[in-house]
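Asker: Let the hints inform the model, and build the full structure from the sequences given.
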Amino acid sequence: MLAAFLLLTSSIFFTGCKKDSSNTDTNTTEDARDSVLAICRDVYLWYEVIPSNFNAKSYDTPQDVMAGIRALQPLDRFSFVFTEDEYQQQFVQGEYLSYGMGFKFESNAVLRVSYSLRGSQAYASGVRRGWTITKMNGIDATRPNVDQLNSLLNGTGAISFTFIDNAGQQKNLSLAKASIADDEVMYRSVILSGGKKIGYLVYNSFLTATQNPGTPNEKNSTPWIG
Numbered sequence: 001m002l003a004a005f006l007l008l009t010s011s012i013f014f015t016g017c018k019k020d021s022s023n024t025d026t027n028t029t030e031d032a033r034d035s036v037l038a039i040c041r042d043v044y045l046w047y048e049v050i051p052s053n054f055n056a057k058s059y060d061t062p063q064d065v066m067a068g069i070r071a072l073q074p075l076d077r078f079s080f081v082f083t084e085d086e087y088q089q090q091f092v093q094g095e096y097l098s099y100g101m102g103f104k105f106e107s108n109a110v111l112r113v114s115y116s117l118r119g120s121q122a123y124a125s126g127v128r129r130g131w132t133i134t135k136m137n138g139i140d141a142t143r144p145n146v147d148q149l150n151s152l153l154n155g156t157g158a159i160s161f162t163f164i165d166n167a168g169q170q171k172n173l174s175l176a177k178a179s180i181a182d183d184e185v186m187y188r189s190v191i192l193s194g195g196k197k198i199g200y201l202v203y204n205s206f207l208t209a210t211q212n213p214g215t216p217n218e219k220n221s222t223p224w225i226g
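Per the working numbering, the sequence shown starts with residue 1, numbered consecutively.
Every clue listed holds true.
Derived pair list, reagent style DSS-like, types lysine-lysine, alpha-carbon separation capped at 30 Å: (1) K104 with K171; (2) K104 with K135; (3) K177 with K104; (4) K135 with K171; (5) K135 with K177.
So the derived label-pair ranges between C-beta atoms look like this: (6) A67 with S174: 22 to 30 Å; (7) V202 with G168: 23 to 31 Å; (8) S107 with S189: 26 to 34 Å; (9) Y200 with L97: 28 to 36 Å; (10) G130 with I191: 20 to 28 Å; (11) A167 with R77: 30 to 38 Å.
Keep in mind that the hints were calculated from the coordinates and are not lab data.
Quantities reported herein were computed from a predicted structural model and do not represent experimental measurements.
No residue lacks a Cβ here, since even glycine has one placed at the ideal position from N, Cα and C.
Answerer: Listed below in structure tokens is the structure:
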């Protein structure tokens, strides 16, 4: 069984898949890159794929170390490292850098918008859940191109999106990445059943910044296509 874990080392947070371990107390060194390697050797689910001569200092950043380790195990697409400031912003304050949309493949050739965050440029431009994305910066939005698409989404520049809206009309939009506050609620409504009112809330994550469900919203997740 896979499990997510989150550790702090030298102001770096680390999250990924871990193995069962009775001892997860890992000594940190002065260099956060070495700390990431030490943690992976101890609790990473696929620790055995890390060669004994793996040199963390050959990488520029702790994030690069994790990417290098992840590259050794094709099954691992989700382990990552971020700073304490990034953790506070995304998981405590409920803000993160995003293009304001989520993405989901319906098939190898059809990529859909899975949510559009209120307050984002995408939402203000009319982008809604269910729209089809056909291209990003001229790259076909198909599953064989997923690595190129994720590279674009993890960059910092504006992306030219080609959409097909829910009425079948093509829309071309250039969207910039921005820090977006999120209330974590995808949808809310009141259901009448048997003469009673039932509150219905759809959450896609639970962040401490959420204090009030607010208005109906199509919500949050890391902008990564899987």
